[in-house]
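Colleague: In case you want the letters, here they are:
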Amino acid sequence: MALRNPSLREGREEKAELWKIMSSKIIVIATIILLLVSFSVLFVVETKNHDLDYKKSWSVAYFENPRDLPEAAASLQAGDSLDFAIENHEGEKMKYSYEILADGKKIAEGQVEIEAGETRQVAPLFDLERKNDARVSLEISAKDLKYRIYKNLK
Amino acid sequence: MILDLLKLILTFPFVLVLPGFCLLLAVFGWRNSKISFFEKAVLTVPMSLISVDFLVLLLNRMHIFLSGPVLVGSILIFSIIGYIIFQFRFTGKEKKEAGKKEVLHDFFNFSYWQAIFILISLFLAIFIRTTYLSDTIIPSSTDLGHHMYWSQAIVDSGQLPDYGMPDFIIGEHMVFSVFNLLSGAAILGAMPALVLLFFNIVGIFALSILAGRIFKSPKIAAMAFFVTGVLYAINAPQAKYVSGGVVGNIIGNMLIPVVLYFLYRALSEKDSVFASLFIFSSVGLLYTHHLSSFILLYSIAAIILLHLGLNFERAFKIMGDWLKIFLKPFPIVILFLLTFYFLLIFTPSYFNPSAVSQATGEPSKITRVGLSFNQIEANAGSARLILGALGFALLFWVFNRKDYQFSFALAWAAVLLLMSAKPGWLYVNIPSDRIGNYLYLPLSLLAAFGLVEFLRLFKKSSTVFFSSVLLFVLLFFVITDGMADSAEAFKTRPQFQEAIQTFHSAQYLADRLDTAKDVVLKDHVNIYADSWYKLFFMKDYRYPLSRGNLSRYVDPTKPREICTRDMIMEPESDQGRLCFSETGVNYVVLNAQLEGNSFEQYPDFSKIYSSNYISVFKRN
Chain A
1 MALRNPSLRE
11 GREEKAELWK
21 IMSSKIIVIA
31 TIILLLVSFS
41 VLFVVETKNH
51 DLDYKKSWSV
61 AYFENPRDLP
71 EAAASLQAGD
81 SLDFAIENHE
91 GEKMKYSYEI
101 LADGKKIAEG
111 QVEIEAGETR
121 QVAPLFDLER
131 KNDARVSLEI
141 SAKDLKYRIY
151 KNLK
Chain B
155 MILDLLKLIL
165 TFPFVLVLPG
175 FCLLLAVFGW
185 RNSKISFFEK
195 AVLTVPMSLI
205 SVDFLVLLLN
215 RMHIFLSGPV
225 LVGSILIFSI
235 IGYIIFQFRF
245 TGKEKKEAGK
255 KEVLHDFFNF
265 SYWQAIFILI
275 SLFLAIFIRT
285 TYLSDTIIPS
295 STDLGHHMYW
305 SQAIVDSGQL
315 PDYGMPDFII
325 GEHMVFSVFN
335 LLSGAAILGA
345 MPALVLLFFN
355 IVGIFALSIL
365 AGRIFKSPKI
375 AAMAFFVTGV
385 LYAINAPQAK
395 YVSGGVVGNI
405 IGNMLIPVVL
415 YFLYRALSEK
425 DSVFASLFIF
435 SSVGLLYTHH
445 LSSFILLYSI
455 AAIILLHLGL
465 NFERAFKIMG
475 DWLKIFLKPF
485 PIVILFLLTF
495 YFLLIFTPSY
505 FNPSAVSQAT
515 GEPSKITRVG
525 LSFNQIEANA
535 GSARLILGAL
545 GFALLFWVFN
555 RKDYQFSFAL
565 AWAAVLLLMS
575 AKPGWLYVNI
585 PSDRIGNYLY
595 LPLSLLAAFG
605 LVEFLRLFKK
615 SSTVFFSSVL
625 LFVLLFFVIT
635 DGMADSAEAF
645 KTRPQFQEAI
655 QTFHSAQYLA
665 DRLDTAKDVV
675 LKDHVNIYAD
685 SWYKLFFMKD
695 YRYPLSRGNL
705 SRYVDPTKPR
715 EICTRDMIME
725 PESDQGRLCF
735 SETGVNYVVL
745 NAQLEGNSFE
755 QYPDFSKIYS
765 SNYISVFKRN
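Here the protein sequences come in this chain order: A and B. The first sequence begins at 1 in our numbering and counts up by one. The second sequence begins at 155 in our numbering and counts up by one.
For the record, the hints were derived by calculation from the structure and aren't laboratory data. Please note: incorrect hints may appear among the correct ones.
List of simulated lysine-lysine pairs, DSS-like, C-alpha gap at most 27 Å [stated by the list, open to error]:
| # | chain 1 | residue 1 | chain 2 | residue 2 |
| --- | --- | --- | --- | --- |
| 1 | A | 56 | A | 93 |
| 2 | B | 556 | A | 20 |
| 3 | A | 25 | B | 247 |
| 4 | B | 188 | A | 25 |
| 5 | A | 48 | A | 106 |
| 6 | B | 471 | B | 556 |
| 7 | B | 471 | B | 394 |
| 8 | B | 471 | A | 20 |
| 9 | B | 613 | A | 56 |
Note that the coordinates shown come from a computational prediction; the quantities given were computed from them, not determined experimentally.
Same shape as in the complex, but just chain A:
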C-alpha cells in the first residue's frame, strides 16, 4: 500500500539515493575506526607483554663480567671477578639460595631475597687456597627452580 503512495515512494527513493552517496564514506570511516581499535589493542598487548615480568614466570642467573672471568686456576687472585646476578621475574618475591662449588665441593653458600621484577648482584668471597680446582660453579635454587652457571678453569 505504502509504495502506491507516490510521495512515500519518492521519499524512500531519495533516502536510497542519499545512502548510496554516503555509503562509501561510511565504509571508509568505519574502517578507520575498526583499525584504530585493532591497532590500539595490538599495541597495548605488545607493550605489556614486552615487559620482562608481565604474566611471566622465569628467573635468570649470570656472571656480571663474562669477559673478565679468570682463565686459569693457577693465576687466580684476589679481585678476580666472579660477581654474578640473579633476576627475579617469577611474579612474586622469592628467596634464592646459592652455593659455590669447587669441583663439586661446597666452599661457600648464601641466600638472597629478591622482590618481583628486581635484580640482585652478588660478589661472592672466593677461597684463594684452592688453586687446583678445574670448575667453579654457582648453583642457585628457589622452590623447584635450579640454575647453574660455572667457569671451567684451565
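Position chain B relative to chain A; hints supplied.
Modeller: Positioned in the frame of chain A, the structure of chain B alone reads:
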C-alpha cells in the same frame, strides 16, 4: 604508553595518507567524474607509500641525513607542492563545472544492504586478523627480524644501506624506518606488524576497486571484501604473512591490484592520466619487491597478448591506440622522471642481468617444477578455488571476449595458474610455492564475480526449492572451508615468555661483549625469535653467526658452509675445534633444555648465563 600509541597512530595519516591525498588532488582535483571518493580513498595509501619511498631515495641521493625533522619537512613540502598544483590546475575549472551534473559511472555507490555486507566483512576481516596477531604481536618471526635489521640500520646511520646481496630490496625497509623516525615507535615492537596489517587491509580494498571497475558492478566490489578479507583470513598470504613479516609479499599484494587497476582504466578508457599512474605505481613496485614485479610483468604480458589474440583483426589498431595513450606529455614526463630515478638516484640491488637469468629458464630445482593440483588447492583454498573456477567458466558466458574486462580477468588467473603448475612452459625458474601465493589475487577476483553471478542465475531459476538447496550447500561449504583457518586465531599459544628471554639474553651479551673481538654463535633451530638477536648488536647483517635449519647444510649442487652446524653439534671434534679457531666464535647461545644441557659436559666451555629457556656458554 598512551602517548606512544597516539604518536604512532598520528604517524599513519601523515605518512600513508597525506602525500598520496595531495598527489591525487594534484592529478584529479577535488571532484572528478573519472574517479569516485571511494577509489581515491583507497588509492591514497599506495600512492603515499610510493611517494614517501621516492622522497627518501631522493634525500639519500642528496646525502641528506635521514632524520625525523627532515622527513616531516620533505613530506610537507611534497604535499604542499601537490596542493599548489591542484590550486593552479583546478580552482577555476571546478567552480565552473560545479553546476554541471556529473556523468559518473560510479560502481562504488553501494546500496544499504551492500554497505552492511561490506561492513560485516570488514569487521570479520579485521577482528580475525587482530585476534590472531594478538598472540604473535611480540616481534619474533624470522623474516621480519631480518628485514627490521635493515630498517634499524637506516635509522642508525641516517642513510640507505648497501645490502651487498640481491635478497633485499630497499622498498621493503624504508617505510618502517620512516615510522620509527617520526613516531619514535620501536622497530623491536608492534609497529612493523601494525604497518603490515594496514597494508594487508588496504590490499582488500585495492582488489575491491579493481573488481568493481573490471566487472562494472558494486555487488562484485562488495563481494570482493568477503572473498578476500574473510575467507582464509589467517592462511598465507594473509595474517600469517603479516605476523611472519613477509614484507615484500604484503606490499606487493597491495600494489599489484593497484597497478592493474590503473592499467585497466588507461587501456579501456584510453586515458593517459591513468597510464601515468600505471607507470608510477609499477616503478613503485619495482623498488619494493622483485618477485611481485616479476609476477606483474608476466600478468601484464598475458593480458596484452590475450587481448591482442582475441582481437587479432584489429591488433595493429589497438597497438596504435596504446601508443596514443602512452605517448602523451604526462606519461612521457613520468616515464622520464622515473628512468632518471632508476639510473641516477637509486638502482634496486637486484637489477642486474644475473638476477634476471636466475629467475628465468628451465626450472633448476625440484621446488621449481610446479605445484600439483592438491598443492594449488592448499595454496589458494578449496572454496576460493571452486568459486574462482566458477567465475572463470561464467566469464565466457557473460562477457564479450573482445573486451578488456575479459582479458584482464581471464589472463591474470590463467598465467598465474600456469606459472604455478607448469613454470617450465613459461620459462620461469623460481620456487613454485612462492608463485602460488599470488594465486589468491586473481582467484579472489573471479570468485567474487562467480559468487555474484551464481546468485543472480539462481534467483532467475524456476525451480526455487532445488536452487535454494544448491545455493545453501555452496554457501555452507564456502563459509565452513573458507573460515576453518580462522579457528587458528583462537588456538595459538603465545610464546611471549620465550621471546622475552631470547631478547634478554641478547641484551645481556650486547651490553657486555666487545663485538670487535667477540664472536657469538646462536642456534636458530631451537631458539624462538632468534633472528632479532642481530638488532641488539647492529654490527653486521651476519652477526651473530647462526646455526640454520639442518637441511640448509645439504646441497648436492655446491658445498655449503658447515661450521655453524658443527660448532654446536660436535664442538669437541677436530672439525668443531677447527671451526672455532677459524671463525673466532667464543660465545654460544643455546636452548637451555636441548643442546644447553649437553654442552655442560664440554670442559672447553663455561656457562655464563642460565635462564629457563636460554643458556650462554663462553669458550675458554
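Colleague: None of the hints should be skipped; say for each whether it holds.
Modeller: So, going through the hints one by one against the coordinates:
1. A:56 <-> A:93: holds (13 Å)
2. B:556 <-> A:20: Answer violated: residue 556 (chain B) to residue 20 (chain A) is near 32 Å, above 27 Å.
3. A:25 <-> B:247: holds (25 Å)
4. B:188 <-> A:25: holds (18 Å)
5. A:48 <-> A:106: violated (41 Å)
6. B:471 <-> B:556: Between residue 471 (chain B) and residue 556 (chain B) the Cα gap is close to 14 Å, so the pair holds against 27 Å.
7. B:471 <-> B:394: Given that 27 Å is the threshold and the Cα spacing comes to 46 Å, the pair is violated.
8. B:471 <-> A:20: violated (39 Å)
9. B:613 <-> A:56: Given pair residue 613 (chain B), residue 56 (chain A) is violated - Cα atoms ~57 Å apart, limit 27 Å.
Going through the hint list in order, the structure does not satisfy hints 2, 5, 7, 8, 9.
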